[in-house]
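All chains should be built: construct the whole structure from the sequences, respecting the hints.
Residue numbers (this note's numbering), protein chains in the order written: chain A, 1 to 346; chain B, 1 to 346; chain C, 1 to 383; chain D, 1 to 383.
Hints were generated in silico from the structure; no laboratory data involved.
Even glycine gets a Cβ: it sits at the ideal position worked out from N, Cα and C.
Certain hints may be false.
As the list claims (entries may be wrong) - Listed next, with one range per pair, are the computed distances between beta-carbon atoms: (1) D135(D) with K55(A): 46 to 54 angstroms; (2) G116(B) with G116(A): 31 to 39 angstroms; (3) E98(C) with E229(B): 54 to 62 angstroms; (4) D360(D) with G116(B): 19 to 27 angstroms; (5) Q199(B) with D360(D): 23 to 31 angstroms; (6) A31(D) with G316(C): 27 to 35 angstroms; (7) R294(D) with P12(A): 40 to 48 angstroms; (8) A31(D) with D46(C): 34 to 42 angstroms.
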Amino acid sequence: MMTTAVRAGRQPATMAQALRRALRDAMADDPSVHVLGEDVGTLGGVFRITDGLAKEFGDDRCTDTPLAEAGILGTAVGMAMYGLRPVVEMQFDAFAYPAFEQLISHVSRMRNRTRGAVPMPVTVRVPYGGGIGGVEHHSDSSEAYYMATPGLHVVAPATVADAYGLLRAAIASDDPVVFLEPKRLYWSKDQWDADRPEQVPGIGRAVVRRPGSSATLVTYGPSLPVCMEAAEAAVAEGWDLEVVDLRSLVPFDEETVCASVRRTGRAVVVHESTGFGGPGGEIAARITERCFHYLEAPVLRVAGFDIPYPPPMLERHHLPGVDRVLDAVARLQWESEWTETNPGGR
Amino acid sequence: MMTTAVRAGRQPATMAQALRRALRDAMADDPSVHVLGEDVGTLGGVFRITDGLAKEFGDDRCTDTPLAEAGILGTAVGMAMYGLRPVVEMQFDAFAYPAFEQLISHVSRMRNRTRGAVPMPVTVRVPYGGGIGGVEHHSDSSEAYYMATPGLHVVAPATVADAYGLLRAAIASDDPVVFLEPKRLYWSKDQWDADRPEQVPGIGRAVVRRPGSSATLVTYGPSLPVCMEAAEAAVAEGWDLEVVDLRSLVPFDEETVCASVRRTGRAVVVHESTGFGGPGGEIAARITERCFHYLEAPVLRVAGFDIPYPPPMLERHHLPGVDRVLDAVARLQWESEWTETNPGGR
Amino acid sequence: MTVLEQPGSYRPTPPPAWRPRTDPAPLLPDAEPYRLLGTEAAAGLDPGLLRRLYGHLVRGRRYNGQATALTRQGRLAVYPASTGQEACEVAAALALEEQDWLFPSYRDTLAAVVRGLDPVRALTLLRGDWHSGYDPHEHRIAPLCTPLATQLPHAVGLAHAARLKGDDVVALAMVGDGGTSEGDFHEALNFAAVWQAPVVFLVVNNGFAISVPLAKQTAAPSFAHKAVGYGMPGRLVDGNDAAAVHQVLSEAVRHARAGGGPALVEAVTYRIDAHTNADDATRYRTDAEVETWRAHDPIDLLEGELTRRGLIDDDGIRAEREAAERLAADLRERMHQDPVLDPMELFDHVYAERTAQLRDQAEMLRAELAAAGEPGAEQEGAR
Amino acid sequence: MTVLEQPGSYRPTPPPAWRPRTDPAPLLPDAEPYRLLGTEAAAGLDPGLLRRLYGHLVRGRRYNGQATALTRQGRLAVYPASTGQEACEVAAALALEEQDWLFPSYRDTLAAVVRGLDPVRALTLLRGDWHSGYDPHEHRIAPLCTPLATQLPHAVGLAHAARLKGDDVVALAMVGDGGTSEGDFHEALNFAAVWQAPVVFLVVNNGFAISVPLAKQTAAPSFAHKAVGYGMPGRLVDGNDAAAVHQVLSEAVRHARAGGGPALVEAVTYRIDAHTNADDATRYRTDAEVETWRAHDPIDLLEGELTRRGLIDDDGIRAEREAAERLAADLRERMHQDPVLDPMELFDHVYAERTAQLRDQAEMLRAELAAAGEPGAEQEGAR
Ligand SMILES: Cc1ncc(C[n+]2csc(CCOP(=O)(O)OP(=O)(O)O)c2C)c(N)n1
Ligand SMILES: Cc1ncc(C[n+]2csc(CCOP(=O)(O)OP(=O)(O)O)c2C)c(N)n1
Ligand SMILES: [Mg+2]
Ligand SMILES: [Mg+2]
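Right under this line is the structure:
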């Protein structure tokens, strides 16, 4: 069982291991936590995140369901009504779509509908994003749909420690959480002590991953490593970039983001999801509303193209990479250009 | 039959009448146009938009389907594959959610998947928005979901003439169009000649509904009348507001919007959908990216609250009204405040 | 296409994974809807039960009438009456024990009221006051559900959860003939059967989904015939025969409670009123059809049985009608009081805690209300 | 819960709208899967057909093996083999006429190939080259469908459209045992039955949905028993008996073509390989189980029949195997050629015309490609 592969003390651990450990610990701590989904039992999930849970806690706590996403989420609603804390696995991002009606019309609204009498402590785990060479429907980024649905929390960890801490927080939350797991970070490693997981300050708090002064990169999930790499590469260009990891899209931590942008005066929002109508619009608009007079340049966005996710052989052209981030930073109207492009000034 | 109630010459006509006429004319002109949905036949739809079509064209052209939205849209996909032009009616905005998988995974992607070999000339008519005293699930505004889905066109008429022209254009389009019909404008009237409908310049062109110089209100669908009223009221405050009606969210007419904002230097985006993650984020971010150095103030948004649509008795508090629009305009940092709120200048 | 059973010399082994998983025969419904009233079997029925059913039917009919009247007076945004279908509503509520759960559709306010919910609170949604006017846990009644068939998986999940906890709880979920066409109906029944969850699905087949008649909704011999396809028993019952519906549902509930798994019951009835007050039923059906069903009215059927067996007399009937009038008067009166709504509550239940964004928005609304001198503004400070 | 038929003195009129809509009996499948090979009925089968089926089975098996091998060589992103299920794949393709349509799931490349699609193009999706590698209209094969069961309503819509146009077209749609649990399965069957659309639904029941066995997927006696709940015939067939599957499907196709409406066929088979090359089947099933199914191999069954009846000899068998090797060699060779992809095409098929935004994005990518000296940049000017 891979869970036990994480030994004592700080060791290299993958995000997948941390997620598995979070599920295990949550189930051990609270008998009302139930895992359900397609292939989560015997197989341990196609990404093996639920590996060993059925063995340790039994089929009733970690259940292979029939193959029907609306049914999975819909029954989870009923289980939550009866006081359980269902953790639902959607096998891939795009296969959550059949469950949208249950998600929008019930999971996100049941608390509001019943004036708080029926909360929905449901966690919906969604392996999301691309970069894994997956064929069609296996690489979607659908966070924009979730963000646009009041009543849902939307979380996307980017580090091993956050994967553990945020998943524990999501399961403990009395509100429904869409928990986006960046597929291509599943096997990324960090030094991590499984027995003393770092404290993560709950859902809704962004974090500055790299302090900097020239401009702020605002990002989350699978794009964090890209931004960190870009920030390192930018040093050679003379830019000292700050990187903010949102960690949760809802609640959105305006304070941390705006504090950073007010300091740097420039910002680029980076994500993998399509640009048009994607999460970056909200983020950029919000930063602009709050920080307008601190901005030296418009908040730019680096995102996936406005196209259906491409086939594996072309995905590298679609995914925002270090170069595109640096190109955007270069377009942030640094001193020399400023006067050129805006001759009349303001 | 209400269709014939629209007599020759310019007469007061409702948006509902214009929509019905558009369907009728499209069906008469092109035998491959088929209407399908719940109660669209004998009853003529719960809003009577399809009234008379089954009688005139037969049950096979205007079909009462079983009650299953994914089934309706999914069979429409198959019909389109065989060369028909299905026009699907979703009974209310929220009842389109069961069809999301078909919409996202197939309707929006079939052309791309097949390298253009299988286009999807499907029109999905969605009575949308609130303000009609509807109980839960009858007043949603879900355009953000559609906007975030590449491959779909997203259209929302705000006038009687546009309702006709844009619906004709939607049905004629070889691409799928989500056609958002503002429920509370169904019975709004305009002078309109059913036999000589004004030409509407296809999908993807915004229009300036009211020229002005002080600031631009960017809006669409049910919020257009609100903005027009606000613009009139603003005259008393000494503001001469320009009102841009987007008409389609996808394709987005950047040119018209940005030309206006560059002229006025200030903008407020107004819509009924929730603010956070809603359409306004994209619009505001895009305007800012393109017009930053022309902006005297951040682009502001006036939107529904970030809550599930409220019960009828409270909806007036939720819906963006004239006062909120004017309040936002007032916050656009007019001369006097400018120096106050931004003492250091830039 | 018949199976030819003629073993040859090297007849292949049968596919090893193949075994008929369940015997289909007992899962299939009878060809005709089950009836009790007017049959000799009715003689064995508990008179007390029949009287209770009757009282509820009479009050239920009056309730439907009064609620419809309230829509005309603008006191209700909309009302989907169950007039003519009261036997299903009443029997569904009475078939359950105290600890069980009812999952009603938007048409089933009456079932909720019969189960004990205050009639005024049951109408909260339809009044436009708040989305649901009651705490579902109080009477174990899920919120009246508008998106069709979506309540069915909830019932399955709840019943399954209760079973896992070892609790003695059965869930009964109601859905219309139209609702059976939705994918959620299918998924719910399948989950219930695979999990052997203690759920009873009641299809209230009233012949129409708004304007769409049965023949455009299904080509099946009956909805009850769907059950075999999930591996659960399907039963067909005359939905206007309150005694029969009650008996069939009670048996299904008992069966589920005993660990026998889910069942599907189709009750054949008719919607006497329009879909809602906003609907014009003359567009899609004839008065003559309505009349044939009036001749098979659930109240008349039961009243006939009671009268014939001397279980009720004119006084008894009058007493029930008077009770119904009192209920209606009370409803009328209480519904004429304007509900007091606090607009600031709009921000209170979106999440357990308001987000920063919702706090800002609440502050804006509070300021607007204060400026307009409207209520809501003053309470807000205390939050 | 039996229907008691004891008319009393005032027996209520039956609910007028109630009439058993269809006779359920002929819609129900037999208890055992239908078989032909090894039975005396097989003697009546056309030798030519049996030889054709056999050739396809042998080539199909080799095709599955070769494609799986290509995944190991990094030439295919993933391959869901139909090894062991070839009888279903082959029979589905051969049961259709030229003008008919096939709606395959992601596992059914073989059916598409048997229907005439170039094997390399059939693998385009799985190779990661483009989402679909063929024009569906060319061979009337819908794109291989990944989201489970979503292709079923497409088949219904297409068949319905063709019927409305008066065209002689039947659609055959394939779905797995797991896929039957999805709401789209239910909605598609219901639409097909209500519209009497000429569609044949083939459930390829291979015992598993990835790791999930049948018992966790359904409690039904069989999937074929679902048919009665929609009002269409349900048939159960041994999915490893190519002759039986072909006969049952052909009859269903004929029936649909003649205006008899849709049918549901369940073929009982087994997935010999793992779910895909990426799957580890030892985690959820035993080798012993696989072995029992190997003993019921579709190729062996048909080869036995052919041999026994003297319709093939060792030379004939060798010839088929050689043809299969040639196919494999050709596939191997052509798949080792790198496909030429134009990244600029990413913007070409999102809409009939690029939007302004897509033009900007294309321009950006073109500039990037030009800067990197990558192909794609130069063509763009011409667009
Ligand atoms: C998912 C969904 N689609 C559409 C509707 C709109 N709608 C409300 S009631 C109704 C008809 C329901 O018919 P049926 O299930 O037979 O119930 P009945 O009204 O007869 O009680 C429809 C189409 C809805 N509420 N939910
Ligand atoms: C809607 C949807 N949910 C989940 C998946 C992921 N998935 C791919 S194949 C598969 C199992 C399918 O089993 P079955 O239908 O029996 O077909 P088989 O693989 O056995 O041919 C799953 C869960 C999917 N493709 N689509
Ligand atoms: Mg009904
Ligand atoms: Mg399978």
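Hints, one by one, checked against the model:
In this structure the supplied range 46 to 54 angstroms holds for D135(D) paired with K55(A), their Cβ-Cβ distance being about 48 angstroms. Under the hint 31 to 39 angstroms, the C-beta atoms of G116(B) and G116(A), about 51 angstroms apart, miss the expected range. For E98(C) and E229(B), the Cβ-Cβ distance of about 55 angstroms falls inside the hinted range of 54 to 62 angstroms, so the restraint holds. For the hinted restraint 19 to 27 angstroms between D360(D) and G116(B), the CB-CB distance of approximately 21 angstroms keeps it satisfied.
At roughly 28 angstroms, the beta-carbon separation of Q199(B) and D360(D) lies within the given 23 to 31 angstroms, and the hint holds. For the hinted restraint 27 to 35 angstroms between A31(D) and G316(C), the CB-CB distance of approximately 53 angstroms leaves it violated. A C-beta distance of roughly 42 angstroms is found between R294(D) and P12(A), which places it inside the suggested range of 40 to 48 angstroms. A hinted range of 34 to 42 angstroms holds for the C-beta pair A31(D) and D46(C), which are about 40 angstroms apart.
Consistency with the previously given hints fails for numbers 2 and 6, ordered from lowest to highest.
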